[in-house]
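If you read the protein sequences in the order shown, they are chains D and Z. Take this note's numbering: the last position of the first sequence gets the number 309, and nothing is skipped along the way. Take this note's numbering: the last position of the second sequence gets the number 333, and nothing is skipped along the way.
Mixed in with the good hints there might be a few duds.
[Said to hold, decoys possible] Short, incomplete list of chain Z residues facing chain D, as computed with Cβ under 7 Å: (1) ARG107; (2) ALA108; (3) PRO109; (4) GLY285; (5) ILE298; (6) ILE313; (7) PHE316; (8) ALA319; (9) ILE326.
[Claimed, not checked] Okay, the calculated bits of chain Z under chain D, using three or more residues with CB under 8 Å as the criterion: (10) 110-121; (11) 200-214.
[Said to hold, decoys possible] With a straight-line Cα cutoff of 25 Å, these simulated SDA-like cross-link-like pairs (lysine to any residue) come out: (12) LYS327/Z <-> ALA13/D; (13) LYS208/D <-> THR167/Z; (14) LYS208/D <-> GLY267/Z.
Please keep in mind that the hints were generated in silico from the structure rather than gathered at the bench. Glycine included, C-beta positions come from ideal geometry on N, C-alpha and C.
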Amino acid sequence: MVVPLFNEEESVALLVNSVRDALGTDVAWELVLVDDGSRDGTARIATALGVVDPRVRLVSLARNYGQTQAMQAGFDAASGEVVVSMDGDLQNDPLDIPRLVAMLEQGYDLVAGYRVRRKDRFFTRKVPSWVANRLIAWLTGVSIRDNGCSLKAYRRELIDQLHLYSDMHRFLPAVAAATAAARITEIPVRHHPRRFGKSKYGLSRIAKILADLLTIKMISSFRERPLSLFGRGAAGAVAAGIVVLIAWLDSIATYDVQHARAYVLPTVALLWITLACYLLMLGLIAEVALQKSREEERDGLRPWPGDAG
Amino acid sequence: MSEIGIVSFLPAPQRGAPPALDRPAVSVVVPVAERPDALAELYEEYAAPLRRSGRSFEFIFVAPPYFAAILRPLDTLMERGEPIRVIQTGRAVGETALLRTALLQCRAPLVLTLPAYRQVTADAIDKLLEGVERGADLVVACRWPRHDAWINRLQSRALRLAIDPLTQGRIHDAACGVRAIRREVLQEIPLYGDFSRFLPLLALHNGFSVTEVPCRQHTRDMRGRVYGPGVYLRRLIDLLGLFFLLRFTEKPLRFFGLVGSTFALSGSLLLLWLLFQRIGGQGIGGRPLLILSVLLFILGIQSIALGLIGEMIVHFNAARGRSYRIKRVASPG
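Work out the full structure: start from the sequences and follow the hints.
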């Protein structure tokens, strides 16, 4: 279990208690609390909880890095065969965990929860999240109803292949599908209203998310062949250039060659063709730059069970 | 007759006391990069408070070949048995490379960087070292109260304006070269380019605790200094690089995408307007505005494409390192 925390001093103790109640003693579990540079008493309380129950561990980050980095730190510290992530604000319910894990056992690599009857503000939280989820599904082909729900369960093999950075936690299923060919499913989970503190999200993230979406599209569709994306862009630019060129030929056939359009139009056509060349070259550079990384990735593949030795 | 070229990768030649087995408590590193004062006097001035405080110490002077003559007075001090080491680099390098060379030679757990010119009075050293001993990872001197020529006041004001958003106002005198640092911190901060000037910012970015201590400004530092235009240009480029490094290394598209979409959007709006006019029956083939709008659009697409390349590189490099630093792990056993 991995829980990223940021300034959640009131929630920590309740969280640990509810996890303890939910998981009981039937399965061996550990709880990794990641303190993402909180400035309140979160770390102190979490440490104390760890002393009481040795199954609770705390990883303190050096500063506030963000949820993605906190999650990655938790994944790196967690040792379980199955890893579950959830929010530290008590809005997820640990009672759902056994159901998530049961789904994993049916052969999935990642089981995402989606919040039914979500208890959040409508316009600032629910609407943007609905739009974002639709966009992600449309762009990446991974249709998860609720990417923003942190309650997810993963297989160890998948965690080992995931390397989260920037703000990737929002697109985790899409990244997992693109880079590790993960089998993904989702089940409904309970959602509680916020009890303590303020939500740490705001509406100001939209521009950032749009940029991230573009990145996700790039990674999920053109990871293997960036040249094909840049090649398409170049083809479009060439087409625009040809249209302008035809307009030019047409204009010098019908008008006086001394007219300004005799100079402006070929310039514009050349500009488009410059863009095409530039995009093609960028695509080639991308292929070259990524070749080395691909080789490393290939070398990193583990042998099939039984093949080794 | 052709000579045989021999390429050797020997460490930079050193003069002075050979590394002894007993480690000093403080290594003082002096990169001799610009406008050096007389080094022997500088040494005497700054070694005095160290000697008085009873800490064992060593001084490491690093200089490019250009400053060989300036290092000479140190030889007599070394002959007297003062704990000085002098490193000369093989070729002309910048301050950051000098610092990196010197740091490899440091033996003490605590490093004090000191510019080869006087910025603060010598009693600052005690305060800085105490700050680190009290638990800070890096302590930087802050010249206060400040008596500068107006031109330098203007310069530091401009610098503050540029870097305050990066430090949240936690560092007031980032340009001060007098800093005390724990050695482990230096091992975790990659020093390259010209970023040594902003060491406190890099330390903050890596999650280390950085504090500043007000120190009395040296009278020598109060004189006005004006540099050539090339220096200012280089500093501006450094700042831009630093800004990008701290904000966008993990998400280049956020930067390039913002710039690019601004261009592409204004270009497409202009193009739409032209299209509107064309439909209205006006010829647009001869309008310079057509060139401008297409240029803007193309510039935008190019920036976004570059950002995407950056994202791909970041994505494939993500497997190589961690993007966070752990302060502490509390677990049983």
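Tested hints:
| no. | hint | verdict |
| --- | --- | --- |
| 1 | ARG107 | violated (26 Å) |
| 2 | ALA108 | violated (23 Å) |
| 3 | PRO109 | violated (19 Å) |
| 4 | GLY285 | holds (3 Å) |
| 5 | ILE298 | holds (5 Å) |
| 6 | ILE313 | holds (6 Å) |
| 7 | PHE316 | holds (3 Å) |
| 8 | ALA319 | holds (5 Å) |
| 9 | ILE326 | holds (6 Å) |
| 10 | 110-121 | violated (count 0) |
| 11 | 200-214 | holds (count 4) |
| 12 | LYS327/Z <-> ALA13/D | holds (22 Å) |
| 13 | LYS208/D <-> THR167/Z | holds (21 Å) |
| 14 | LYS208/D <-> GLY267/Z | holds (22 Å) |
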